[in-house]
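Number of protein chains: 2
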Amino acid sequence: MKSRKKETPVILITNDDSISAPGIKALAEAVKDLGRVVVVAPDKPQSGMGHAITIGHPLRLHKQYFLDEIEAYSCSGTPVDCVKIAVDKVLHRKPDICLSGINHGANHSINVIYSGTMSAAIEASIESIPSAGFSLLDYSVEADFSASKVYVRKIVEKMLQQKHDKHFTLNVNIPAVDVSLIKGVKICRQAYAKYDEKFLERKDPHGRNYFWLTGEFMNFDKAKDTDVWALKNNYVSIVPVQFDLTNYNTKNQLEKKWKF
Amino acid sequence: MKSRKKETPVILITNDDSISAPGIKALAEAVKDLGRVVVVAPDKPQSGMGHAITIGHPLRLHKQYFLDEIEAYSCSGTPVDCVKIAVDKVLHRKPDICLSGINHGANHSINVIYSGTMSAAIEASIESIPSAGFSLLDYSVEADFSASKVYVRKIVEKMLQQKHDKHFTLNVNIPAVDVSLIKGVKICRQAYAKYDEKFLERKDPHGRNYFWLTGEFMNFDKAKDTDVWALKNNYVSIVPVQFDLTNYNTKNQLEKKWKF
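Each protein sequence line maps, in turn, to chains A and B. FYI, the numbering for the first sequence is 3 to 262, going by the numbering used here. FYI, the numbering for the second sequence is 3 to 262, going by the numbering used here.
Among the hints, erroneous ones may be present.
One copy or two, it doesn't matter: identical chains are merged, so the pair holds either way.
Lysine to aspartate or glutamate pairs mimicking DMTMM-like chemistry, simulated, CA-CA at most 25 Å apart [what the hints assert, rightly or not]:
no.: 1; residue 1: K188; residue 2: D246
no.: 2; residue 1: K168; residue 2: E199
no.: 3; residue 1: K165; residue 2: E9
no.: 4; residue 1: K91; residue 2: D45
no.: 5; residue 1: K205; residue 2: D227
no.: 6; residue 1: K96; residue 2: E203
no.: 7; residue 1: K46; residue 2: E73
no.: 8; residue 1: K168; residue 2: D246
no.: 9; residue 1: K91; residue 2: E71
no.: 10; residue 1: K258; residue 2: D246
Simulated from the structure, these hints should not be mistaken for lab results.
Here chain A stands alone, though its shape is the one from the complex (with noise of 0.2 Å):
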């Protein structure tokens, strides 16, 4: 009698830069024997789409052409839209776990809150899917992923052997350096930094105003257990995610202050 294989796991692989980037195909290289691939993204970019989801109009599938033997649709819709709708219509099941990226550009820091990488990793993880959203720091579209495929796949190894809370979340962020230069993995906290805005104004050409985000990345926490630390100093950093946002150091002083 043979002995009975380990089944193979279901990888559900999604992102925000769109089924086109190189970051999603890097991160469906680095783990495509790991377990059975399937790709659902963004049929565009859907950078800074946070946790949107698409409730006024209906949306699209389609099968794409994506690497040899790894099964791909784009989605008309938002990365949470793809993480909803893979369960729902291509797996009809949960993956066992799901990957988003490798995002080109950092979500470090505050930017886990505007990203579509880090919400599709936490709608999975609100579904109990294990999950995690990795991150280069490098936002050209040439951008080398040689050692975010290294790291990727050590982590994506260690999620897959050991059991974790049915929320686990993480976000992953790595420095663009060459592989040889990173120093190791830290598992860090979301560095406070937020983004200091200013709208460029502009006429068009009917003379009417128009307005550019710009913004600049501001860090106010230098703490060395932070991940914005941890990036400067060539780690790659691991901040495990949660999405209870309850306050509770908050409710606990107003439980005692506030009576109505």
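With chain A fixed as given, assemble chain B onto it according to the hints.
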């Protein structure tokens, strides 16, 4: 010599249902004599937009008639865009407080993640502007905001009277009942609930499939300290909210367990 009058607070108001929704008028009416109210709200419905921001195209800002003596602008962007552009291009300073809503429909529990109303409030708190999002558990355009107005006012008065943490944000939900039936206000934590989602599959006139998101709210968390419990029992629920998504429990575990 006259005693110096306390400065009038600047109150920024926004929402996600658009500047023409009855809920935002109810919010402005409830607080208009507590400070200088300025409204900057989306020019179209933006429900479910989460923390989306507009990066890829420019924004428009138009002065609008709103209520007598209230300065108001519509913006072509998301609720989070509205907060950003209000600070930079309308007020040219941070408001003393930012209020969002009153949303037509619940934003308790996991809705906080998808809600444009709450994302606008959270954006303000990232900018160190104390804020609150208000939501009535009634999706109807004809919803009765009279009880909401009473409790909005009580809460905003408390916010203005006291000094709080600089990232203070509240998620306030109001049951859809007559004011006489409301039992009071409860400080709560966010219940663990999620949507059980199905996509309706249909064919367009050209025979191609399209998918509409539908979902049923499923609460898995019956505890009495949750917002879901409070609302079911006719209390106004207040959940203090934070934007640090770090899961500190998992962080501690991984620091011990994961070696690379």
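Within, between, both or neither, where K168 and D246 count as close if Cα-Cα is 25 Å or less: both (14 Å within a copy, 20 Å between copies)
Homo-oligomer pair classification [E203, K96; C-alpha up to 25 Å]: The answer is between: 19 Å across copies meets 25 Å, while 46 Å in one copy does not.
Intra/inter-copy verdict for K205 and D227 if alpha-carbon distance must be at most 25 Å: Cα proximity of K205 and D227: none, with 45 Å in one copy and 52 Å across.
Within, between, both or neither, where K168 and E199 count as close if Cα-Cα is 25 Å or less: This pair counts as between: shortest inter-copy Cα distance 19 Å, intra-copy 37 Å.
25 Å Cα threshold - placement of E73 relative to K46: within (18 Å within a copy, 37 Å between copies)
Intra- versus inter-copy proximity for D45 and K91 (alpha-carbon distance at most 25 Å): within (17 Å within a copy, 33 Å between copies)
Within, between, both or neither: K165, E9 at alpha-carbon 25 Å: Cα proximity of K165 and E9: one copy only (15 Å, versus 56 Å across).
Within, between, both or neither: K188, D246 at alpha-carbon 25 Å: The answer is both: 23 Å in one copy and 18 Å across copies each meet 25 Å.
Same-copy or cross-copy closeness of K91 to E71 [CA-CA at most 25 Å]: So K91 and E71 pass the 25 Å test inside one copy only (20 Å; across, 51 Å).
Within, between, both or neither: K258, D246 at alpha-carbon 25 Å: For K258 and D246, the Cα distance is within 25 Å both inside one copy (22 Å) and across copies (23 Å).
Comparing the model with each earlier hint shows a violation of hint 5 alone; every other hint is respected.
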